[in-house]
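S.K.: Please take these sequences and the hints and turn them into a complete structure.
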Amino acid sequence: RFHHLNIQELRGAHPLLRLLHAANLLNQETEYPETLLAKEGELLNLSVAALEQARTEIDLVTGPLINELRITVTDAEDEAIALPVRPSLQHTVQDLALIDAIRSELSNIEDILEMRAAIARCAAMLFDLTEVHFFQYDLQTGLLHDHSSAKWLDEFTIDPAGSANTFQRAVQEQRISHSLEPQIPLGIIDQQLARQWGSEGVWCLPLHAKGRLMGVLGAGIARMQLPRLRAREHLLRRFAAAAAIVLDELNQREIQQRRTREDRELLQQQHLRAVLHEVSNPLTIIRNSLYILTKKIGEQANEELQMLREETERASHILQRLVEPKELLTESSFDLNKTIRDLARILDEALCRPHSINLNLNLKEGLAPLAQGRDAVRQILLNLVRNAAEALGERGHIIVTTQDGINLHGHLYVEVTVTDDGPGFPETLRAKLFQPVTSTKGEGHAGLGLSIVKNLVEELGGLVSYRPNSGGGTTFLILLPQI
Numbered sequence: 034r035f036h037h038l039n040i041q042e043l044r045g046a047h048p049l050l051r052l053l054h055a056a057n058l059l060n061q062e063t064e065y066p067e068t069l070l071a072k073e074g075e076l077l078n079l080s081v082a083a084l085e086q087a088r089t090e091i092d093l094v095t096g097p098l099i100n101e102l103r104i105t106v107t108d109a110e111d112e113a114i115a116l117p118v119r120p121s122l123q124h125t126v127q128d129l130a131l132i133d134a135i136r137s138e139l140s141n142i143e144d145i146l147e148m149r150a151a152i153a154r155c156a157a158m159l160f161d162l163t164e165v166h167f168f169q170y171d172l173q174t175g176l177l178h179d180h181s182s183a184k185w186l187d188e189f190t191i192d193p194a195g196s197a198n199t200f201q202r203a204v205q206e207q208r209i210s211h212s213l214e215p216q217i218p219l220g221i222i223d224q225q226l227a228r229q230w231g232s233e234g235v236w237c238l239p240l241h242a243k244g245r246l247m248g249v250l251g252a253g254i255a256r257m258q259l260p261r262l263r264a265r266e267h268l269l270r271r272f273a274a275a276a277a278i279v280l281d282e283l284n285q286r287e288i289q290q291r292r293t294r295e296d297r298e299l300l301q302q303q304h305l306r307a308v309l310h311e312v313s314n315p316l317t318i319i320r321n322s323l324y325i326l327t328k329k330i331g332e333q334a335n336e337e338l339q340m341l342r343e344e345t346e347r348a349s350h351i352l353q354r355l356v357e358p359k360e361l362l363t364e365s366s367f368d369l370n371k372t373i374r375d376l377a378r379i380l381d382e383a384l385c386r387p388h389s390i391n392l393n394l395n396l397k398e399g400l401a402p403l404a405q406g407r408d409a410v411r412q413i414l415l416n417l418v419r420n421a422a423e424a425l426g427e428r429g430h431i432i433v434t435t436q437d438g439i440n441l442h443g444h445l446y447v448e449v450t451v452t453d454d455g456p457g458f459p460e461t462l463r464a465k466l467f468q469p470v471t472s473t474k475g476e477g478h479a480g481l482g483l484s485i486v487k488n489l490v491e492e493l494g495g496l497v498s499y500r501p502n503s504g505g506g507t508t509f510l511i512l513l514p515q516i
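So in our numbering, the last spot in the sequence shown is 516, and the numbers never skip.
Rather than coming from a laboratory, the hints here were simulated on the basis of the structure.
Just so you know, not all the hints are guaranteed correct.
[As the list claims (entries may be wrong)] Calculated pairs, DSSO-like style, for lysine-lysine (alpha carbon to alpha carbon, straight line, at most 30 Å):
1. K465 to K487
2. K371 to K487
3. K397 to K371
4. K487 to K397
[Unchecked claim] Restraint-style ranges between C-beta atoms, simulated for each label pair:
5. S140 to Y499: 23 to 33 Å
6. S140 to R256: 29 to 39 Å
7. L77 to R291: 50 to 60 Å
Glycine included, every Cβ here is placed at the ideal spot set by N, Cα and C.
M.R.: See below:
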């Protein structure tokens, strides 16, 4: 790849690279001016006469070998003219076999960015090009973009309908083009890319599939490469067609996969809405029945019945959240301590007292209000207290505390802790505590409670953490943004 570089770039390079560059020059049929041979000689500290003598001796050595092996030497320019007219059957078969192998390799790639990079690499190796980039065509904007690792090309876009340049000719005329074509002035894009790539000119190969432009391969070239590239135009066209087809097939697969995902998600949403509709009916009946009971039963039970009505309402909100994920976050500010006290009365009666568990509250009075998420906070506390009660089994203590004014990285939070004196979590589970894994509570527990807690806290813009207590048991600490 280095034998096409400018002479100036090879000064001080490894001797083998300089020798390779000189050998490539001497191998050309074109007669070069003495000034060029002199510059080449400077790379190897040889005179022009020495280089010419080397070329003569090479011909003397290789001539008999060529005759003995019956090798037919074809002039590059003649081949460039003959091949497009009537390529030999042997070359055609070889080209087809080569393209088939390349297409087979490219077909194994499933990532679109990797595919573009692989096409550029194949072109570089197959056609002896030093700097090749894939410029993807954006159907919506009509622009060409380079998505390679070259940072300077991140914002580099080419408008094929804009000012004249090599890319424009390649796209509009649907042909291989280069900036060294005679009688055609250099475009600004050509000058920029040639300067950046350190090449004499820019060469472009358009890629079309089913009549659609997929992209353009752009490369930096030297003038001495043109005869060989012209001689291989048949292979270049076959390569472009094969690469474009493989790229189009990958694009179609990605589109189909995306549509399949979208269809699956739509079906899931429709199913959830149907389930929500069915579940809402009995919940509505329960709420109405509780309302009637509050009218029939004395004042003493009204408060408990009201809380039960609120819990059924919250159950409806949770179900609604399956199809509207932000449902729990649309409320206004609320009193955290009151929310905890109301929920604690229900949990104490239902979960704690029947198992001789003491549920204690240590709430700071005058607590700063929270901005949103009353139902989400109730769900968080319900999961943590229920987990603690189930871990305790029979007898034990659960303490819920609140504190405001917690400053973390310049932001103020309200702190909520839920502490128990149960067995705690084994070391093997602590690293995966907030992941939906099997819990330590026995059969029937999916271990989803803490995963739900983490998701809800993060949706509220908060943080959740866990620590084992020195005397046994666990403490879950939650930080929620205060107003």
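S.K.: So, for every hint listed, does it hold in this structure?
M.R.: Structure-based check of all given hints:
no.	hint	result
1	K465 to K487	holds, 12 Å
2	K371 to K487	holds, 22 Å
3	K397 to K371	holds, 11 Å
4	K487 to K397	holds, 24 Å
5	S140 to Y499: 23 to 33 Å	violated, 48 Å
6	S140 to R256: 29 to 39 Å	holds, 36 Å
7	L77 to R291: 50 to 60 Å	holds, 57 Å
In terms of the numbered hints stated before, the structure departs from hint 5 and from no other.
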